[in-house]
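Trainee: Spelled out from the first residue to the last, the chains are:
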Amino acid sequence: MSTVAALILFTAVTVYAVFGGADFGAGFWDLVAGGAKRGERPREVIDHSIAPVWEANHVWLIFSFVLLWTCFPKAYASITLTLFVPLTIAALGIVLRGASFAFRKAVFRTRDQRNFGAAFALSSVLVPFCLGTVVGSIASGRVPSGGEAGDPWSSWLNPTSVVIGVLAVCGSAYLAAFFLVSDARRLGDDTMVAYFRRRATTAAVVAAVVALAGIFVLSNDATYLFDGLTSKALPLVILSAVSGVGALLLIRQPTRPGARLAAVVAVASVVVAWGVAQWDYLLPKTLTVSQAAAPSGTIQAVLVATVLAAVLIVPSFVLLYVLDQKTLLPEEGMPEPEAIELPDITRGHGQPS
Amino acid sequence: MMPVAVLIPALASVDPVPWARSQMAFTLGFHIILVPLGVSWAAMTLIANYRAIKHDDHDALLLAQRWSKYMAVTFAVGAVTGTVLSFEFGLLWPKFMGQWGGAFGVPFAFEGIFFFTEAIFISIYIFGWQRLKPWTHFWTGVPIAVAGILGSVSVVAANAWMNTPEGVTLDASGNVIDVDPMQVIFNSAMPLMSAHMVVAAYLVGGFMVSSVYAVGMLRGRRDRYHRLGFLIGFTVAAIATPVQMGVGDALARWVFTEQPAKFAAIEMVPETSSDVPEVLFGHLNSSGEVVGGIAIPGLASILSDPKKGTSTEIQGLNTIPADDRPTNANVNVTHFAWDIMIGLGTLLFLLSLWYWASWLFRRDMPKSRWFLRCAAASGVLSVITLEAGWTVSEVGRQPWIVYEKMKVEDAATANTGVWVTFIVVLLLYAGLGVTTILVLRGMSRRYRSRDGFEEADSPYGPNKPVDLDQDQDQDQVPAP
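Line by line, the protein sequences give chains A and B. Residue 286 in this note's numbering sits at position 286 of the first sequence; the count goes up by one each step and never skips. Residue 138 in this note's numbering sits at position 138 of the second sequence; the count goes up by one each step and never skips.
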């Protein structure tokens, strides 16, 4: 039964990696969109794309945490004990990112928008990097179990952690570019479709290079993971590579749909491959899924909660995405009439109120 | 100047426990201010929204639309500060989570569902004003209010479990070997504690929202829009306040019978005795005697069990084994916070009575400027009451993190750098708090500068994309 709980946990982590990742990646493109004038239109598309969905997508992270500490409390305790630094930075980055994104939509002076925008964009890069290093530390067996802490620094500042951190940033940017191409297309903005298509191509190439470099790093630094990825998880690795190439080919042809889906498969299969490669360890090679599992009563309760979630949450998510894709969720509230006597307001980007 | 050679080892051996405590208290104390808005503002917005559709009320519609935009900000801040807490459980209290996560986590598994529901529907509601049909749009808001209540019930169930840790079976070495999830969720402290928090969310949320409009009315903005904003918020609060008197009283009596140690701290009773006076303020001195304050003879005993009156015996701190006893400082903080909660709660209750009396006898809200001044203060006062009540609950549990099963000091992380993260968190949250207020105020000023202009004619936005172009909105993109 603990196996089922672990599968649910990995599913939640994968969904977060895809949807949360795409939202973080949108922040990356916001960061590199250039000055207030040049970056105005891309930022509008980014705002449009993630504003209605990022909070709901963010809940997958909290849900993953809850599943981890409820079903596998010892693993959660070990991870938080050793990886105190990157997790603290990630937590603070999440505060900065979410709050400044919400603030940017609510302020109107260009200067304020720029400051909040910078905080949002920078933390959108910082958080996936830190969470990536956490994954790297766990996967490379640097998180000891049994109440002792690993090294507070070298546990996450090491070749595997750093390369997976960088891969998380690249993967997020890659996914986001594909999502943004679709969103720009939905908005009927051909310039932006081309803009994000160029970036999707670049990101795909960069992510592929980082992934290849990662394979070499892993073969030296995380042999257990490397062995897993090249044996039992190999089909998933191949699936990821094939989907990645497929996404690249599809995105070049505007008439062919499916590029976004292929990109999602490319990223999701890497995350799943990680899980398969280290199975059945939660913390290679000290803590297995069954060793870490909470008593059966707890797991049963979590299964009930998961079934409830499947019944209640999945349709709600479908509703949210469908409404969003049909442009039925255009902006917050109603547009208010323009004010005349407000000297401070420079019409930058963002909606009128 | 302290030599570096001394300073570095000194900093590397800073005891993490007090810093972990401070950081947890501070981040929770910050988050809890946003909770009432997250739980009850959606309901108040729906009241305005309902009125707007049912009676074609433009003021109510404008309120609902603007409230939903404010909510977008406060909900985002609440969501991210809540996320920090889910990190901190492990970062600050790994031993607690490692040992008890399998029980403590159960209510959170359900809370996850409610949080998902809230986050999904708040997006649909906030972003759906223009294009969804009025009633459809209204109904997309209802799950937010429901999930807000159930979500806070779940979180408080976990907190209540720390007070009454039931439903776990331990082996000889203290490991949890069996968990009964129903007993964990519906532990004996859960019903009253959850009810107390949910009612508090409506009470505080109502006073917070209405106090903003009370300030506006005091500044001469006595239009219907302000009056309506005030009435919706204050009516909700004035209903919740008397209910809270009853719920709070029941909870206090439950603590009296079930958690005598916490009750002894609340009433500051050093030794078991009957005819215990109710001491307003005052404190325990270093030798554990009550000094200062105003003592009302026999009242604590009478309130604890009115049937027995002054002969009611209240268990004193002396009955607790010395090692498990809360420190005098803990007792003093708990007792002080209790007095603040009761004192301010009573004032808010009297304010609610004033409001209802005026409706009863004059068929209108009180006209007096003094009433508006009190109502303007009620927002901040109710937040202080909330913080005080939460302090009673958490400090009153000391020294335990899991009552009679694990002490706080045994639960903390061994990371000596917590003092650094505490300072960083303090600065970040200070900035966050100030910015949130400035952003909300900026929104309100912007709206105000527009009032006097004609608002959009059609209350529920055009369904035709062509109209979107007419408001010259650069952000709007015509639908395909």
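Don't take each hint at face value.
To be verified - Cut-off 27 Å, straight-line C-alpha distance, at most; resulting in silico cross-link-like pairs (DSS-like, lysine-lysine):
1) K326/A <-> K133/B
2) K307/B <-> K405/B
3) K95/B <-> K407/B
4) K405/B <-> K95/B
5) K285/A <-> K95/B
6) K285/A <-> K232/A
For the record, the hints were derived by calculation from the structure and aren't laboratory data.
Trainee: Straight-line Cα separation of K285/A and K95/B no greater than 27 Å?
Mentor: holds, 21 Å
Trainee: K326/A and K133/B were given as a pair; does the straight-line alpha-carbon distance stay at or below 27 Å?
Mentor: Judged against 27 Å, a Cα distance of about 14 Å means the pair holds.
Trainee: Holds or violated: K95/B with K407/B, Cα cutoff 27 Å?
Mentor: holds, 11 Å
Trainee: Between K307/B and K405/B, is the straight-line Cα distance small enough, at 27 Å or below?
Mentor: violated, 34 Å
Trainee: Within a Cα-Cα threshold of 27 Å, do K285/A and K232/A meet the stated pairing?
Mentor: holds, 17 Å
Trainee: Does the alpha-carbon distance linking K405/B and K95/B stay inside the 27 Å limit?
Mentor: With a Cα-Cα distance of about 13 Å, the restraint between K405/B and K95/B holds, given a limit of 27 Å.
Consistency with the previously given hints fails for number 2 only.
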